[in-house]
Amino acid sequence: MTKNNGKNQIWNHFDGSEVRIHAYGNKNSAPYKSVNNAHVHKKDPSKNQLNDCGVISTNANETHIGTRNPKDLPMV
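Numbering-wise (the numbering used here), the sequence shown opens with residue 1 and increments by one.
Since the hints were derived computationally from the structure, they do not count as laboratory data.
Hints are not guaranteed to be accurate.
[To be verified] If you anchor each label on the Cβ, the simulated ranges turn out as follows:
1) Asn61 with Phe14: 26 to 32 Å
2) Ser57 with Gly16: 25 to 31 Å
3) Ile65 with Asp15: 17 to 23 Å
4) Lys3 with Asp44: 16 to 22 Å
5) Asp15 with Asn51: 17 to 23 Å
[What the hints assert, rightly or not] Result set (EDC-like, lysine to aspartate or glutamate): computed pairs, CA atoms no more than 16 Å apart in a straight line:
6) Lys43 with Glu62
7) Lys47 with Asp15
8) Lys42 with Glu62
The beta-carbon is built from N, C-alpha and C at its ideal position, and this holds for glycine as well.
Can you make the complete structure from the sequences, with help from the hints?
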């Protein structure tokens, strides 16, 4: 892991790509659905946002890759 501020993690890879993990996990921190659930961002070495299949995309619905919360996560 390259960076961890307690909320987000950034994993930089040797090829220049990176994965950002936004582990908000079911907290209503903003009015936007995409930031209220845990999700991942992938970027290629040129910093292009990627979808879950590794294809470049500018569509935020595709580049906010959702992760399921654990079953025992309490509702906030």
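Hints and how they fare:
In this structure, Asn61 and Phe14 meet the distance hint of 26 to 32 Å, their C-beta atoms being roughly 30 Å apart. The hinted window of 25 to 31 Å between Ser57 and Gly16 is violated, with their beta carbons roughly 18 Å apart. Remark: the range hint 17 to 23 Å for Ile65 to Asp15 is upheld by a beta-carbon distance near 19 Å. Restraint check, Lys3 to Asp44: a C-beta distance of roughly 19 Å satisfies the suggested window 16 to 22 Å.
Between Asp15 and Asn51 the CB atoms are about 18 Å apart, so this pair conforms to the stated range of 17 to 23 Å. Our distance criterion of 16 Å between C-alpha atoms is met by Lys43 and Glu62, whose separation comes to about 12 Å. For the hint pairing Lys47 with Asp15, the CA-to-CA distance comes to about 11 Å; that is within 16 Å, so the pair holds. Only pairs whose Cα atoms come within 16 Å are accepted, and Lys42 paired with Glu62 is accepted, the gap being roughly 11 Å.
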